[in-house]
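In this note's numbering, the protein residues as written are 112 to 893.
Since the hints were derived computationally from the structure, they do not count as laboratory data.
Any given hint might turn out to be false.
Cβ-Cβ distance ranges computed for the label pairs, FRET-style [to be verified]:
#1 Gly562 x Asn861: 46 to 54 angstroms
#2 Lys808 x Asn724: 27 to 35 angstroms
#3 Thr793 x Met604: 23 to 31 angstroms
#4 Ala466 x Arg317: 19 to 27 angstroms
Calculated lysine to aspartate or glutamate pairs in the DMTMM-like style (CA-CA distance at most 20 angstroms, straight line) [as the list claims (entries may be wrong)]:
#5 Lys295 x Asp234
#6 Lys535 x Asp234
#7 Lys295 x Asp888
#8 Lys755 x Asp736
#9 Lys409 x Asp379
#10 Lys409 x Asp234
#11 Lys816 x Glu645
#12 Lys135 x Glu465
#13 Lys166 x Glu462
#14 Lys409 x Glu601
#15 Lys371 x Glu465
#16 Lys559 x Asp605
By construction, the Cβ of each residue, glycine as well, lies at the ideal position given by its N, Cα and C atoms.
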Amino acid sequence: MGRKVLHSEQTRKSEIESIGFLRKKTTTKLEPFIGADSTAGMEYELQVAVEGLCKDVDLPQTILGSNYYGNIVKRANRGDLAPGSVDALNTFLYKNESNIWENSWVRIRPYLLSSWTREMLADDLLADKKNRDGGRRKDAGRYSCMHQESEMLRLPISYLLKLSLAQAVSSAISLPQEIGSLGKKLLGHLVSDNTSPEILSFTIPRADTRSIGDLAGAETARTLLLCQLLIQYANTAFRLEESGQKSLLYFAPHAPARQKHLNDLVPDGFYRHLFMSPCLSGWDRGEEKYQYMALCHKTLSRSRLNTISKLKDAGIIVNNLVVLPNTSSTCLANNGIHVSLGSAVLGELAETPEAGFTPAVEKYFGDLVIKIVEHFLPLTVGTCSAAPYRIDFQDFHPENVLGFLPHELDYTHLRMVWRRWKKKADLRFFGRSFTPFGPRWFDTLFAKTFGLRGDIVPDFRLLDYFVTLLSTESSPALNGALESHDQLKEELMDMGVFDTRMSIYLLYRQRLLATSGYCGFEGRSYSLFPSHLEDMAEAVDIQNLITALAYKYVLQEKVCHSDIPDVPSLESERRQIFFGTAIGIPTFYVRSDTGNRFLRRILDHVHTSRKSNRYRGYLRVKNTDYRLALLRVIKEDGAELLEKLQVGDRLRSLEEKILDFDRTAGGRLTAGVCRHLPSRQTPLSVSSDVFNCSAEKYYRTELKKFHIREGLEVLVQDCLRLDKNREPRLQHIGADVFGGAGAAEYVARNIETILSEKADEITLQKFIHICLAVIHDSSQRK
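Given these sequences and hints, build the entire structure.
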């Protein structure tokens, strides 16, 4: 009761300040996220792997040399442990037909590093980088080993990227000072705190004559290209391939299948030791950040276990025959792209005390914008980004496939989603849906006998990762109060769902000036884009459009917090549509008298809804009709915005995708995976292992090459501009970096060499310098 009163006081205070701000600004027309007001910053989570034989690659060698492996072998030999435990691990180690080891580290001969690169590594191994007298990290010994009869460095590929950039800049004989300084500055953009490398966009585009989506897509293509060049350069400069290692980098949305399998074989502590980033780059006290990430892994693993009790309470699990989720979750190995949009006008208001845009007002408006935007998020799920995933019948246990949904939806919508998912999947025999019984051998035989194939999900990453927190009755997350997030985390921690030390998880997260340095919002629902120049550009333009529309509703007082009440059931009601879209469920249900007035307004634009025969008092709505209704709302309420942002073509493209699955991101990614299936079979005609492994192969080969080609196309255009309008201070770059030729000519001449990953060390170094010159030019023009 006390917590509710506190929330009410905080909310009322924020509301009063916000009303005062709106009255004060009547003489000024505010247009956040319109035209040149928008900026975009991206965070990319990338998949890495090492290709090589077991005897040459760090991951299998680390496992074989570990105390854990030695102990289980001894116990098996004594008869204390079933031999099958060791056999399963040996199969993982010695029968890897692809020779691909996802998220393995690499081993490097120290003498290959330049003196400056060695100094940087020494600094990164300090316990506190601001205190050089504080000694090295306690775990500094894990970054070296004996291998191939010599002492080697062993480092994660997330850090290899930083090492490679440092080497490319510091080992150049003649490099303009501006380019060298920029290269060293960008080292801080190559970080990692989960499992995969996390790259912060090298520049922050601001909308100009081009849309913010086009600029964000080009920046992404450019950033990924530079990262690919750094990986190729590392393979040559550090002679990795000579020692049997080839590092790989690509976009892939899911935790790798083999990593999931290994997670089932080893304890959670050993899994963290193998795969959690040591946080060498990006933090002054890397060990503390590493311990924080271990906390996140433990918390999310425990949280996943706690979903079972909620499934029982929801009536989805009706007996004690369950398959326990692993005590170690691989969810942190899922990868996506986060896109943060900033507003210059909001930032200026927040930095001007007399403007009245106080932190309380910023949070109050921001929470309302988030609630509005959440209604529109299904537009881009599966259409612009996707993560197709195959699930066999024998894996179709609710405690497995529903992921974190029991913590993200209330019981009513959870039951509805599960029933509709079972109906959508190929689980029916004689008109009745079956789910697995438990023993895998029996479920496999049952599925084969009755032709039960399971399902393919358009965006499984959004289920396999904890993407948002459901509010509680006493602690709403988005009611406009400044402390609402902290209070919700405290209550969820008491329930074993979350931890107060972790950042809030939301589908659309506000970026506050006081904590982020700018005013804006972070979109966290993007998985994998088939094309950055097309699909990602479209998604970011749509994100910017609906954010601008949401702020228009708020500033014109057309939507207020009471229109979208902060009740868990109503929060779940709108989010079920988002998750249902990720699953591919064709329909959902909404109460006819829903208290969400904004949702009711959207439903007024749905042409073909009807009363549900199964759920009394509910409307049955087709997902496609709902998304088309969202487009109608945008056209009706945002006609002025469409003209100012010039994104009418984006809406037409999105509508075509909604009506034609083959044109969507999910459809095109699935078609790409099918090209790698044996005999070009269909997704449901092969097992989940075959489909999901084929997807991983498609991502690291064909799709990676396509993304590199996009980056090269952008680089050629960048270089044409650089050749034409080079600043006086960069006049000597042509001779020193491009070998006397123009930048565009040099890039065009070497495109196929880069695509085939056969460029030599000098060529790669020059390409890296070209990319740095482009980034420098871009930063100077702002």
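Now for the hints, and whether the structure bears them out:
Restraint check, Gly562 to Asn861: a C-beta distance of roughly 52 angstroms satisfies the suggested window 46 to 54 angstroms. The hinted window of 27 to 35 angstroms between Lys808 and Asn724 is violated, with their beta carbons roughly 45 angstroms apart. With their beta carbons about 45 angstroms apart, Thr793 and Met604 fall outside the hinted range of 23 to 31 angstroms. Between Ala466 and Arg317 the beta carbon distance is about 21 angstroms. The supplied range of 19 to 27 angstroms therefore holds.
Of the supplied pair hints, the one linking Lys295 and Asp234 holds, its CA atoms being roughly 14 angstroms apart against a limit of 20 angstroms. For a cut-off of 20 angstroms, the pair hint linking Lys535 to Asp234 is broken: about 55 angstroms separates their Cα positions. At roughly 16 angstroms between alpha-carbon atoms, Lys295 and Asp888 fall within 20 angstroms of each other, so this suggested pair holds. Straight-line distance between C-alpha atoms of Lys755 and Asp736 comes to about 27 angstroms, which puts the hinted pair past the 20 angstroms bound.
In summary, the hint linking Lys409 to Asp379 is supported, as the alpha carbons are separated by about 8 angstroms, within the 20 angstroms threshold. About 29 angstroms separates the Cα atoms of Lys409 and Asp234, which puts this hinted pair outside 20 angstroms; it is violated. For a cut-off of 20 angstroms, the pair hint linking Lys816 to Glu645 stands: about 16 angstroms separates their Cα positions. Distance hint between Lys135 and Glu465 is fulfilled; the C-alpha atoms sit about 10 angstroms from each other, no more than 20 angstroms.
Taken as a hint, the Lys166 and Glu462 pair is broken in the structure, with Cα atoms around 58 angstroms apart against an allowance of 20 angstroms. For the hint linking Lys409 to Glu601, the alpha-carbon distance of about 17 angstroms falls within 20 angstroms, and the restraint holds. The suggested pairing of Lys371 with Glu465 is violated, with an alpha-carbon distance near 54 angstroms, which exceeds 20 angstroms. Taken as a hint, the Lys559 and Asp605 pair is broken in the structure, with Cα atoms around 44 angstroms apart against an allowance of 20 angstroms.
Violated hints for the displayed structure, listed by number in ascending order: 2, 3, 6, 8, 10, 13, 15 and 16.
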